[in-house]
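What follows is each chain in one-letter form.
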Amino acid sequence: MSAFSDWVRRWWPGVIPLAVLWVAAAWTGTGPVEQQLTARTGAVLKESVLDKTQIEVSGRDVRLSADAFSEQGRRAAVDQVASVPGVRLVRDETQLIAEVFPFNWSVERDVVHVTLSGNAPLPAIKARLLEAARNAANGAEVVDQMALARGAPVRFDAAALLLIDQVSKLKEGRLSLAGTKVELTGLAREIGGREAISAALKNLPEGYTVEKNDLRAPPYLFQINKDPVASTLVLSGYVPDNNAHAAIVNAITRKFVGEKVEDKLKASAGAPQGFMAAAMLALKGLSRLSTGTLTIQDRNVKLTGDALYPAASEQIGEELASKLPQGWKQQAELSVKPIAAPVNATICQQLLGGLLGKGTIRFETGKAVIDPDSVGLLDRLVEVVLRCSTSQIEITGHTDSNGDAESNLALSNRRAQSVADYLIKAGVPSERITAIGFGSGRPIAPNDTEEGKAQNRRIEFLVK
Amino acid sequence: MSFLVAFNWGWIAGAAALGFATGWVSPISRVRSQTRVNLRWTIAVVIALVALSLSRQLPGRPGYWLDLGLVMFGAYLVAACVGSWLRYVLLVRPGMTRSDET
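Protein sequences appear in the order of chains A and B. First residue of the first sequence? That's 754 in this note's numbering, and the numbers climb one at a time after it. First residue of the second sequence? That's 185 in this note's numbering, and the numbers climb one at a time after it.
No lab work stands behind these hints: they were computed from the structure. Certain hints may be false.
[Unchecked claim] FRET-style restraints, in silico, Cβ to Cβ:
no.: 1; chain 1: B; residue 1: T226; chain 2: A; residue 2: E800; range: 31 to 37 Å
no.: 2; chain 1: B; residue 1: T226; chain 2: A; residue 2: E852; range: 24 to 30 Å
no.: 3; chain 1: A; residue 1: G795; chain 2: B; residue 2: S239; range: 53 to 59 Å
no.: 4; chain 1: B; residue 1: W225; chain 2: A; residue 2: G784; range: 33 to 39 Å
no.: 5; chain 1: B; residue 1: G258; chain 2: A; residue 2: G784; range: 20 to 26 Å
no.: 6; chain 1: A; residue 1: F854; chain 2: B; residue 2: V189; range: 48 to 54 Å
no.: 7; chain 1: A; residue 1: E800; chain 2: B; residue 2: P243; range: 34 to 40 Å
no.: 8; chain 1: A; residue 1: N888; chain 2: B; residue 2: S239; range: 21 to 27 Å
no.: 9; chain 1: B; residue 1: I227; chain 2: A; residue 2: A772; range: 48 to 54 Å
no.: 10; chain 1: B; residue 1: W225; chain 2: A; residue 2: A796; range: 54 to 60 Å
no.: 11; chain 1: A; residue 1: P770; chain 2: B; residue 2: T219; range: 20 to 26 Å
no.: 12; chain 1: A; residue 1: N891; chain 2: B; residue 2: P243; range: 28 to 34 Å
no.: 13; chain 1: B; residue 1: P243; chain 2: A; residue 2: F854; range: 38 to 44 Å
[What the hints assert, rightly or not] Beyond 12 Å from chain B on every Cβ pair, some chain A residues (computed):
no.: 14; residue: L774
no.: 15; residue: T781
no.: 16; residue: T783
no.: 17; residue: T1202
Note that the coordinates shown come from a computational prediction; the quantities given were computed from them, not determined experimentally. Here a beta-carbon is modelled for each residue, glycine too, at the ideal position from N, C-alpha and C.
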């Protein structure tokens, strides 16, 4: 046995070739070992939620550098790397991303860009927001200026996605989140876009509130152009809804005399408060013009054109100024149509008859108060009467057979007088005008139908 | 350790073969046995290196190379012992027994 121990102590001659083997093993094996450990480490971190992950393997030691989004996630990632078979040491250079308060985020739109900026809580959420922005951008370039940070409020992603959905409704502007407070500034792309965005934001997650809404809408435009040559009214722009549309078209039918209507109106939300009242008032003014344009832009009413006689110009301007709803502004740029050449009694009668053939002077039921819808027709009658300045005008009132003859006679008399007063107020000398009522005594149609009665309720002008 | 062995099994096997050969030929080798003092120094150095390896104080590639070297050295030593022991058992001891009997 002593021989054996003597032999064992002769182990050292093989050390030099052993050293050569060791160097060769280290020389050829170190790179592959590091590559394999890098691959294994990367694989185990695939499911981890980390940002800016860097894995560096030296020998069997791993340096892990990454931004984590929670302490739990950070520790789990380090433990996962440490458990990789073959890893000897883990140099932990992970850190938690910064926590910010308030958690700010915004989406901004200009002509060619949709820019996402501020903070996002997780890479996956950031990617979802970018994807949603690309879908909503309609071809605009999406710019990502978001940085990852902790401290996002609950359901941040739902709120941010809802805001991104509204970007397509903006021409330019910024929708932002400061914690759970939403702020909106900018200009909606279309009429009604501001209202659509406000309605959509009612679906914000619980706890989120709209703190500031400075969204502007494009001007709410409503326009009517009256062309006397083509005898056409061209309607363009927007009205609040289909009912308003029908009401305006109906009012035009009553107020204007014989013009064709070219209707290009569209229904859209976003009309200023008091729109219909202002539109009806302005329509009345336009109906009294020979030629003109009515433009309603937001709360501004602009009426331009030619009145048929000087007094009408003043009356239209005054009425517009005094009766517009509160907060509305008016601009009346009215001139007076030059008086046309005088005509003799025969032509005067033809002209008056022609006008009364196109429209009827209406009164309030059972009264002698002229319906405001008839002032357009009356102004045209005034214009004709002013042209035949040497003729006497007899205004006759007629009723249908309803009621007793005496009261009908009195009513027709008062109605004829009301029309005469209108003409006198318009500038026709009172000595040229006489007003007579005939009650139901001179019907022009049978009184047994409503149509016949309507024809019999009339004012006639007789030129002498 | 298992990863180290699995990844470098060829080199470790080579070190073991080298050790076995060294142990096997040691009876007929002309080299002198290591003195007791040198043996103690060798053991001290190896213990120090093993301690350094276990404490993981040597980082990165040097740490890996140290581990690899110690594993290969261990395989070499064990195989050298096995080589010497096998020669002793198979060739020397039977001969001694026969001479003792005669």
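Right, here's what the structure says about each hint:
{"no.": "1", "hint": "T226/B / E800/A: 31 to 37 Å", "in the structure": "49 Å, violated"}
{"no.": "2", "hint": "T226/B / E852/A: 24 to 30 Å", "in the structure": "57 Å, violated"}
{"no.": "3", "hint": "G795/A / S239/B: 53 to 59 Å", "in the structure": "28 Å, violated"}
{"no.": "4", "hint": "W225/B / G784/A: 33 to 39 Å", "in the structure": "35 Å, holds"}
{"no.": "5", "hint": "G258/B / G784/A: 20 to 26 Å", "in the structure": "24 Å, holds"}
{"no.": "6", "hint": "F854/A / V189/B: 48 to 54 Å", "in the structure": "53 Å, holds"}
{"no.": "7", "hint": "E800/A / P243/B: 34 to 40 Å", "in the structure": "28 Å, violated"}
{"no.": "8", "hint": "N888/A / S239/B: 21 to 27 Å", "in the structure": "57 Å, violated"}
{"no.": "9", "hint": "I227/B / A772/A: 48 to 54 Å", "in the structure": "18 Å, violated"}
{"no.": "10", "hint": "W225/B / A796/A: 54 to 60 Å", "in the structure": "45 Å, violated"}
{"no.": "11", "hint": "P770/A / T219/B: 20 to 26 Å", "in the structure": "22 Å, holds"}
{"no.": "12", "hint": "N891/A / P243/B: 28 to 34 Å", "in the structure": "55 Å, violated"}
{"no.": "13", "hint": "P243/B / F854/A: 38 to 44 Å", "in the structure": "39 Å, holds"}
{"no.": "14", "hint": "L774", "in the structure": "5 Å, violated"}
{"no.": "15", "hint": "T781", "in the structure": "9 Å, violated"}
{"no.": "16", "hint": "T783", "in the structure": "6 Å, violated"}
{"no.": "17", "hint": "T1202", "in the structure": "109 Å, holds"}
Comparing the model with each numbered hint stated earlier shows that hints 1, 2, 3, 7, 8, 9, 10, 12, 14, 15, 16 do not hold.
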